[in-house]
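Chemist: Working from the sequences, and respecting the hints, build out all of it.
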Amino acid sequence: MTHLAIDPARAAQEMAEFSGRMTVAMQALAAVEADTGGCTPRDAVHQIEKTVLYHYRPQARGAGLPPVVICYALVNRPWMMDLQPDRSLIRGLLARGLDVYLIEWGYPDRADRFLELDDYVRRYLGGCIDHVRRTQGVASVNLLGVCQGGTLSLCHAAMFPERVRNLITMVTPVDFQTPENLLSKWVRGMDVDRMVEVLGNFPGELLNAAFQLLMPLRLGSQKYAGVADSIDDPAALANFLRMEKWIADSPDQAGAAFAQFIRWFFQENRLVRGGLEIGAGRVELRNIACPLLNIYASQDHLVPRSASLPLAKLVGSRDCTDFEFDGGHIGIYVSRRAQDLLPRTISAWLARR
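Using my numbering, the first residue of the sequence shown is number 1001, and each one after it goes up by one.
The hints are simulated quantities; they were obtained by calculation from the structure and are not laboratory data. Built from N, CA and C at the ideal position, the CB exists for glycine as well. The hints are all genuine.
Below 30 Å or equal to it, Euclidean Cα-Cα: the simulated BS3-like pairs (lysine-lysine) are:
| no. | residue 1 | residue 2 |
| --- | --- | --- |
| 1 | Lys1050 | Lys1245 |
| 2 | Lys1185 | Lys1313 |
| 3 | Lys1185 | Lys1245 |
Distance ranges between label pairs, derived from CB positions:
| no. | residue 1 | residue 2 | range |
| --- | --- | --- | --- |
| 4 | Ala1351 | Glu1162 | 20 to 30 Å |
| 5 | Leu1213 | Ala1060 | 35 to 45 Å |
| 6 | Pro1008 | Phe1323 | 48 to 58 Å |
| 7 | Phe1323 | Arg1061 | 22 to 32 Å |
| 8 | Thr1321 | Glu1244 | 31 to 41 Å |
| 9 | Ala1009 | Arg1344 | 52 to 62 Å |
| 10 | Phe1114 | Pro1161 | 24 to 34 Å |
| 11 | Glu1268 | Pro1203 | 19 to 29 Å |
| 12 | Glu1268 | Asp1109 | 20 to 30 Å |
| 13 | Phe1323 | Arg1010 | 40 to 50 Å |
| 14 | Arg1273 | Arg1344 | 34 to 44 Å |
Modeler: Spelled out as structure tokens, the structure:
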């Protein structure tokens, strides 16, 4: 057996030095300004209750393609797509002449506890898509669904295939019960109806805590240790602070819709097994016949590749493309490599169709 030789005095010295660097780093962070909420000019063009549809102002000559509507997850805020000028998927799409819209769901309050998935899939997402179709004079749109928003987009495209010209899913869970899906294992035994009965809406802080526990070292002490090495780099500190603000900006989840999502997707895996009904409509993925681009991340700890890859075999489309990004769930938006690769891949794929 190998024994590690630890010098207590040296260890204490290193801890003291690290503590000193962290103190300086925290002081430096307190002096940093990091704007949040997106950085690219846009206009609110439509609103349904708390859901707002934004239209981004063009930044390049139009590519002549149908507009792109981005449907983000309910559990986080969508400004991760437009974090800062040099880390913005939205800016990358605009630079290639795409016409981009984004749906923001807002912050549910106690009055929203009885909202169901039917409200999000049919009324809010459907209403935003119909506004774009009507004002742009197009029969269908290009729909880009991100993470949980990709799951909602799949449901909408299956129920209303005539509204979607092309469908793009990013880090989107489809099979919610693959062996690598740790989050799914945690919630399969959850009495979600009882939790919602007690809590009303499900608190965003609890969701954040669950996500952090999936990778406690990397998402906890390890990332803060890196801050101590960035005390002389204001840009790096601003990047870190902006990300931390985004992580903390987690809306509460409308109680009824949250319970339905956990039960129907995580616990009963209905997208794969069948039997999913939302409102008065039945969700059959084989009804999706439009071209499909499925983008997943090889190192995704929230949506493992095994959860996304089954999609091509479930839809009715004969034009399905899987695209693997070498990175993680957050890196697919903000890593330097993603800034050119993903907008170029998406725009080229759309242009060919």
